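> Each chain, letter by letter, is given below.
Number of protein chains: 2
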Amino acid sequence: MSISETTTSEVDVLIIGAGPAGLMLGCWLARTGVKTRIIEQRDRKITCGHADGVQCRTIEVFQSFGFAERFAKEANELCETVFYNPNENGLLVPTERIPDTEPDISRFRHGVLNQGRIEDFLIDCMAEHGLKVERSVAAREFRFNDDDLEATHPVEVTVAHLVPAEPDEVVYAAMAKRTVSRMERIKARYVVGCDGARSWTRKQLGYKLEGDSANIFWGVIDARPITDLPDIRVKVVLHSAESGSLLVVPRERNIVRFYVQLGKLEVGQKLDPSMQTLEAVIASARKIMAPYTLECPVVEWWSVYEIGQRLCRDVSFKNRVFLAGDAFHTHSPKAGQGMNFSMMDSYNLGWKLAACIKGTMDPKILETYASERVEAVSRLLDFDRDLAHLFSGKPAVAERAGVSMKEFQALWMRMAKWTSGTGIEYGPSMLVAEGSEAKKALAGNILIGSHFESRVVLRYADAKGVHFADSLVSDGRWRLICFAGDMRDPTQFQRLERLCADLTSLPTSPIKRYTPPNADINSFIQLLTLTSSPRKALLYTSFPELTRPFVSVDGHHYPTYDQLFSDEPSYLDGGGGAYAWYGVDPSGPGCVVLVRPDQHVVDVMSFEECVQTLGRFFDAIMVQEST
Amino acid sequence: MSISETTTSEVDVLIIGAGPAGLMLGCWLARTGVKTRIIEQRDRKITCGHADGVQCRTIEVFQSFGFAERFAKEANELCETVFYNPNENGLLVPTERIPDTEPDISRFRHGVLNQGRIEDFLIDCMAEHGLKVERSVAAREFRFNDDDLEATHPVEVTVAHLVPAEPDEVVYAAMAKRTVSRMERIKARYVVGCDGARSWTRKQLGYKLEGDSANIFWGVIDARPITDLPDIRVKVVLHSAESGSLLVVPRERNIVRFYVQLGKLEVGQKLDPSMQTLEAVIASARKIMAPYTLECPVVEWWSVYEIGQRLCRDVSFKNRVFLAGDAFHTHSPKAGQGMNFSMMDSYNLGWKLAACIKGTMDPKILETYASERVEAVSRLLDFDRDLAHLFSGKPAVAERAGVSMKEFQALWMRMAKWTSGTGIEYGPSMLVAEGSEAKKALAGNILIGSHFESRVVLRYADAKGVHFADSLVSDGRWRLICFAGDMRDPTQFQRLERLCADLTSLPTSPIKRYTPPNADINSFIQLLTLTSSPRKALLYTSFPELTRPFVSVDGHHYPTYDQLFSDEPSYLDGGGGAYAWYGVDPSGPGCVVLVRPDQHVVDVMSFEECVQTLGRFFDAIMVQEST
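Heads up: the sequence lines are chains A and B, in that order.
Heads up, the first sequence is in the UniProt record's numbering, so the first residue is 1 and it goes up one at a time.
Heads up, the second sequence is in the UniProt record's numbering, so the first residue is 1 and it goes up one at a time.
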């Protein structure tokens, strides 16, 4: 290895690894204008295989970045799960059908699409904001300047720029042998290791993934099948009487993913993937699904894996180095959680990092990354362990003891909201308030710590029925959601006017205090107002200006039309009943909900306590001019 | 003009003009694999101004070509129309609000988007199938080889290839002066003139646009306004007491289109656009909408036009040359019909031309282009005349006589289905059967001659709620829609088996007779089956094979999953009640509906008469081997 020279450079954030976790972080940082680099040692993107399940909450996040409709267009939406079990004669038959996404869980639907396409969407989104993946760049040396903690760039990663492989070369195997063209020392304020289960970053920190293997291994095939299984285009959970289990996940372009139970390892035995063959996996699948036939003229990808759950409890180092995605947790793929949790890790981290780097928020908020994500991931591993056990066990048939299919289906259905990702709730911290009975009285169904759920509301200016949460775009802004109540009641209208006046002008108001001078009044905290009275009751221009602020474009002040809504059925898109859904009294005094840039609810408050409560909350986490 | 040489070439279809009509025809012909050229004398696409309204039926056609979601993403959907009229004090106030698209008219919504973007979608769709616009090519000479009618390419158009203008040159003005680089004589089987209101093609045929001018002129502005008109983001139809009328159409990117009534011309007086100024149009708008204010810091485009309705009743010449779009009809823009009718002209023509060129259908079917479109366009002009009159008249205020705003709004609402384009009905012809009471008894709400309307149905294979008409893609195939009835009734199931067996094997069946040997059985006529019984009642693989045929891909026979549906509510996407909507008895004997490649309904028939009726219909229009 002959290297002429090592150059030195500086960056705010260095992301190591351009899989889903790294790319999601890249989206956030690019979108918020943070100086970022994202390096990946592989020189090509994956194009098939790997993860494919995308859960509702993840699609909500895609929507907040503006590309949910690209996903919807290409993905195969899963509508139904059918359970195939042996009947009393031992013949496999469909025994139950359930919806794959429960109604009202999300405005989006669980779908499957190749990980490579998901990465494309993230890469395109980053590129729109000027960030590109640097491929064939491998991290080689790590140094943390302990003495220099006050320094702005304490983390130093030396990387090797590799000569890309020839197009026809088998890349993964050849990686270690590739020629180095030059070395570079990157000094970073922050480093995030999104570098997978064998994370280089984790090793530098001396952290370990801990957990067990279940000693059970499975095969996975992406094929275009010819079969007489009647339900090959819905999700099929199939337990044969004697030959093991199978999961069918229909994919885009009539491809189907088969998860095939292969066998059990002896204690201490390691799975040797090189001993497995595609033919053996297909043969196992045939045996399990008999008497239904299976031919696979086209196989796009296949693999074998061992079931296990592993977690690294330390995910940050001095609030300067973080781990996300598989570097932090691994588990089995069948619940379709892996890629989702990976992206949600860095979605949690991105806006916090951005705010600290911009100097607006105190870096102590970064502690909440570990507290919020380790708890969420621990729950995932518990669920995965239960599911894997029930998946791989022999079913109880007639008199024979075994895994109860009732129990299995009950777990599957009970966890539906949680596996959709919409059930994740972050506990109280400096970024999430404590709940209380008083807050429940204001908005009974808004869960503090959960993401703000969506209902169709009527946009005042253009009479369009829109999803309320579509306003919560990932641009780093906080939102104040004002349930304004009934505008036909003059007292209530005056209370709204008072609230807007206080938010605009009281020195304790964070809008007044922390919105940069000369910036638009909605640039730090955006007010979204939902009335319970119909739209006809009051013309748009009669509302207080903060609810429909003017923004500066090319030196002119234009009115905005996207912050004011009414809880009324739209002409064609449904809606109405949002107050009831959120548990807010439409004839009552209303309330105000503070929502983080990642859509999680911070707090619920009355109009009267709003300015003071917001002031206390933001004063505790914002960098103060004087310090 | 020095031209070295005139080359000669042959093509199946020469399209003259690459506006919406020409491009839509290009989509059809490219999609169906017809050898086509499309020439346009202008060297650049338009990027702003011009037409913008896209009606529901047009979006249905976009969907059938696969790009409706591109439109939906960029267009501004219009949700509401509000009427502003003088109150008893003469002050302009909103007096009524109505939905801009009536419920149940279509699965799509009326929206507005710059004509240039619509053209982009059509251009991209053509390009996917290998057809590109040839710009800077002007038609110069026309010759029809009368003697040579039996010849394959009787139409001869000599075109000039022009040297494109410099990028900063004003193109329209300079067009006539551009240098010719070479001449080419194009011999075509068919020529379609889509070359606008001043159509060169029409002139060659000696045909004329006939009709009146109303001697009323209007201005149109695309601007980003600053205004306190409370309803600037919905459609506003505004009649001032004394100063004329105004139409507000909110557009994409917060642009608003204003149609502004300017004045009345004296009889015989011609509108001189060069005498008009932007400032004068804005001043008129301000006067009309007072006391509301208007500032337009950014104006993207503006123009003035005279209201008039003109029609060319001759739209074809010897079934070899056709006119479409503005070459055939012009009218005022305010009902948002122009671009739509233009595209629907060539959408009607394209599949017919393709079938004749491929030698499968008899060229006499081309006569139906004129009969179907002239009738539709005549109705448009009548409507436009009424609307223009009511639009430009002074409103009745208090005691003063004038245009009744009630009458105006009533016309507006009565015509809603028709202006959406979904009310167009083609009369009986060789391509549309006569209606009868017996047919009404089979399917009471399916209008023969109208397009097949859409309902959400449940796709058997994947349990997804989908729009039935999404199956009617524009690929040149005919569809047989089978209302199969209740599959739990063994007699009814046997009738379906019998029908499928007859369609597959009887020598009189057009599927048997006209599907090319070795082609997939769904390649000429595709069977779409809708059961009234729930999906659970019968497994997918139990249905007759014609309802779920196997198709050949790379030498393998794969099952299809997209032709069988059940009329049952889906888990999350609505549906259920389609039989009732179409007027078919869910417990009855069912029926079969033949649908053309452009989605218009040809006929409704019972299972028993199906093969014979289809046989008669197709035998009359298909080219017979022996002739």
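Simulated from the structure, these hints should not be mistaken for laboratory data.
Wrong hints could be hidden among the right ones.
Same chains, same names: a pair is fine if it fits in one copy or spans any two.
[Stated by the list, open to error] Here are the computed lysine-lysine pairs in the BS3-like style, where the Cα-Cα straight-line distance is at most 30 Å:
#1 K512 - K394
#2 K318 - K132
#3 K177 - K512
#4 K358 - K132
#5 K394 - K439
#6 K287 - K406
#7 K45 - K208
#8 K417 - K203
#9 K417 - K512
#10 K536 - K203
#11 K35 - K512
Quantities reported herein were computed from a predicted structural model and do not represent experimental measurements.
> Each hint needs a verdict: does it hold in this structure or not?
We went through each hint and held it up to the structure:
no.	hint	in the structure
1	K512 - K394	neither (64 Å within a copy, 50 Å between copies)
2	K318 - K132	within (28 Å within a copy, 59 Å between copies)
3	K177 - K512	neither (58 Å within a copy, 62 Å between copies)
4	K358 - K132	within (21 Å within a copy, 48 Å between copies)
5	K394 - K439	neither (48 Å within a copy, 56 Å between copies)
6	K287 - K406	within (24 Å within a copy, 73 Å between copies)
7	K45 - K208	within (27 Å within a copy, 60 Å between copies)
8	K417 - K203	neither (35 Å within a copy, 67 Å between copies)
9	K417 - K512	neither (39 Å within a copy, 51 Å between copies)
10	K536 - K203	neither (62 Å within a copy, 53 Å between copies)
11	K35 - K512	within (28 Å within a copy, 66 Å between copies)
Violated hints, listed in ascending order, are 1, 3, 5, 8, 9 and 10; each of the other numbered hints is respected by the structure.
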